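So the sequences go chain by chain: A and B. All residue numbers for the first sequence refer to the numbering used here, where the first residue is 1 and numbers rise by one. All residue numbers for the second sequence refer to the numbering used here, where the first residue is 324 and numbers rise by one.
Hints are computed from structural coordinates only; laboratory data are not their basis. Predicted model, so just to flag it, every value in this text is computed and none were measured. Using N, Cα and C, we set each Cβ at its ideal position, and we do this for glycine too. Careful, some of the hints might be misleading.
Cβ pair distances, simulated, as ranges [to be verified]:
id	chain 1	residue 1	chain 2	residue 2	range
1	A	D194	B	A420	57 to 63 Å
2	A	P77	B	K400	50 to 56 Å
3	A	K260	B	D413	33 to 39 Å
4	A	P128	B	G423	47 to 53 Å
5	A	D142	B	G423	23 to 29 Å
6	A	G81	B	A362	17 to 23 Å
7	B	G445	A	K260	32 to 38 Å
8	B	D412	A	G81	21 to 27 Å
Quick look at which bits of chain B chain A covers, simulated, 3 or more residues with Cβ under 8 Å [unchecked claim]:
id	region
9	377 to 387
10	399 to 410
11	414 to 422
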Amino acid sequence: MADRDQEQSSGAAGFSRRGALKCMAWAGTGVLWTLSGGVPRSLGLLGEAAAAEPQASGITFLQISDSHVGFDKPANPNALGTFQEAIAKINAMPTQPAFIIHTGDITHLSKEKEFDDADQAMKALKPPVHVIPGEHDVADADNGKLYLDRYGKGTKGKGWYSFDAGGVHFIALINVFNFEPGFKSAGLAKLGDDQLEWMEKDVKGLSASTPIVVFAHLPLWTIYQDWGWGTEDAPRALSYLKRFGSVTVLNGHIHQIQQKVEGNVSFHTARSTAFPQPAPGSAPAPGPMKVPAEQLHSMLGVRTVNYVRGQSPLAVIETPLGA
Amino acid sequence: MSRQIIASPLVFTGLASLLAATPARLSASDTAVQAGAQAAAIQIDNFHYTPPSLIVVPGTTVTWTNADDSPHTVREKDGKFKSAALDTDDTFSQTFAAPGEYEYFCSIHPYMTGKIVVKPAGPSS
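This is chain A alone, in the form it adopts within the complex:
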């Protein structure tokens, strides 16, 4: 696995891998996304990003995910530290993204102090940050009150929203409030009727040529049902996007990269800045995965994706942070 990754990375592009390794230590920092002419492609961070061709038009944004501020267990005794590290790396990028999206699990236990610490860390970022909650951000006894008090202003329902930037329509969906308990069902996430109705209206007036980027914490396709890695009513959300030529779905939650292309839609989950999680079904439970420090480098890293217009397959290159 590591060998294959390495081959892919060495065949990738002429960016300075050594530079990336040196700067990034072992923390997965994020995924940099560029959209030009409605065609998104993800770039790695740092050296890779610096080496990217300049974009004549379009927009560049960055995705970070699953910072789990407050986590201090053996898999990473200082998740705040690695989050700050990731932020410093983003700030050191020669070209700043137009904005940053954090795809949830900002905190580990939904505690006020964790939100404060995360906020303080994100204040160091120069571009604006758009956030959505993960289930770890709404695990307080008041069902997400702390998150919504802090980040809910100007959003709809339980925190969902949309905006336009660089000719792209961005939709932030929340799938951490309506979990279907697993008594009779699979225990997957749900978007819920209110949000779906809002979304249907939200995209109604858009031309089919508008590139769409949807982000949500849990994957919008079922990656592994036994661990609840999926969203039960995601097919309904995706049905509203069928007529669009380019749809990109960005998720977090599973602390590893999984990708799928289905027709006009490409799905991508992101790495965490905190700790890795096991591959689907490879462990008894999806808890934080502790790996030897020397292995960690090979399990975290960045991803380059060339997203080609139309029906062409995605060109995907995964770059580990170390061998």
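Fit chain B to the supplied structure of chain A, relying on the hints for placement.
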């Protein structure tokens, strides 16, 4: 498959640690009965409530302890009781006065479920 454990509180503690040490997943029908106990314990281990189903007498205080590196919650399906996120070794207690069945789940990992059955002790116990 269904297994019933009838135990005094002391014996139950021993069984609970045995159960916790068993790597095999317990089936949902596994049930522990605590006759006459005023306190009962449920361990959260490897993303499972152990035992997943527990029968107690009215007035029993049930305490959940999270033994995982991942946080979990204890949330009754209709919101009758719910904990905040429990970090490793955190506990949550709930006293059950009224007879009935209480199904609960983890709001962070909703496929984790458990059940408390509250009923008066039978004549033979």
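- Message: Of the numbered hints stated earlier in the document, which are not met by this structure?
- Response: Structure breaks hints 1, 2, 6, 7, 9 and 11.
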